[in-house]
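Numbers 250 to 456, taken from this note's numbering, label the letters of the sequence shown in order.
Hints listed in this document are in silico derivations from the structure and should not be mistaken for laboratory results. For glycine and all other residues, C-beta sits at the position ideal for the given N, C-alpha and C. Please note that the accuracy of each hint is not assured.
Simulated DEER-style distance windows between Cβ atoms [unchecked claim]: (1) Ala426 to Thr363: 28 to 34 Å; (2) Pro281 to Gly401: 32 to 38 Å; (3) Ile454 to Asp380: 35 to 41 Å; (4) Gly424 to Ser321: 23 to 29 Å; (5) Asn260 to Ile283: 32 to 38 Å; (6) Gly287 to Thr328: 39 to 45 Å.
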Amino acid sequence: MVGDQVDVVLNHELDPLCNVSFLGLESTGNCPIILTCGGTEYSDSYCYTGPETKTWWYQNTGTEPLALLFSSGFVESNTWDQLTIYDGPNDQSLPIYTNPAQTTDLASTLVITTGQNLFMKLVSDFSVSCDNQIGWEWNWTVGCLDCDVPAGTFNVVPDCIHREYSLEVNVTSTGDAATVDLVLPGDTLTGLGLGVQTFGPIPWIPP
Numbered sequence: 250m251v252g253d254q255v256d257v258v259l260n261h262e263l264d265p266l267c268n269v270s271f272l273g274l275e276s277t278g279n280c281p282i283i284l285t286c287g288g289t290e291y292s293d294s295y296c297y298t299g300p301e302t303k304t305w306w307y308q309n310t311g312t313e314p315l316a317l318l319f320s321s322g323f324v325e326s327n328t329w330d331q332l333t334i335y336d337g338p339n340d341q342s343l344p345i346y347t348n349p350a351q352t353t354d355l356a357s358t359l360v361i362t363t364g365q366n367l368f369m370k371l372v373s374d375f376s377v378s379c380d381n382q383i384g385w386e387w388n389w390t391v392g393c394l395d396c397d398v399p400a401g402t403f404n405v406v407p408d409c410i411h412r413e414y415s416l417e418v419n420v421t422s423t424g425d426a427a428t429v430d431l432v433l434p435g436d437t438l439t440g441l442g443l444g445v446q447t448f449g450p451i452p453w454i455p456p
């Protein structure tokens, strides 16, 4: 498994004093799961226990970035359980996601690489885990990011006199789609094109 120490010895056929030893070589663990860009996304799931170290390595056949999206699952605080996702083929690459210092709902967590490799690593302790918590199983998909991403800016416009505010959205690009959808708390607006859209007024509720 990943991190195992491997000792290798090259034996000289005639003289053992000429043997060469390679001690403490570290196992790299698993081989990558190969994803074909333009094909279907890869779906996976895992119910982690503890203590354990578990790794996943995804690699695509093209040049596009990889995107990993969780649909469900929980992870304990990184004080005890560490979930780290790296922008590269191993845990020496740049970290692009680390779970925070509280129990985290991973649903809708999206991580995007800059290249064709994504490496994910879990290190857990012996206490709270999916093994003893109902509904903590991880479910996610990985695929090539072979689309043009929409872009926009958002601005909150307050109306303090009337104790309300509006949301101003400027769609600057729809990517490679004709229109985009805007997901708001409790509402989804479909078919938006380029330009500024204003939504509201929305009542201001004091904390």
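Okay, the hints, checked on the actual structure:
Between Ala426 and Thr363 the C-beta distance comes to about 22 Å, which lies outside the given range of 28 to 34 Å. Distance hint check: the CB atoms of Pro281 and Gly401 are about 34 Å apart, consistent with the given range 32 to 38 Å. Between Ile454 and Asp380 the CB atoms are about 40 Å apart, so this pair conforms to the stated range of 35 to 41 Å. A hinted range of 23 to 29 Å holds for the C-beta pair Gly424 and Ser321, which are about 26 Å apart.
A C-beta distance of roughly 36 Å is found between Asn260 and Ile283, which places it inside the suggested range of 32 to 38 Å. Range check, Gly287 to Thr328: Cβ separation about 41 Å, and the 39 to 45 Å hint holds.
Violated hints amount to a single one, hint 1; each of the other numbered hints is respected by the structure.
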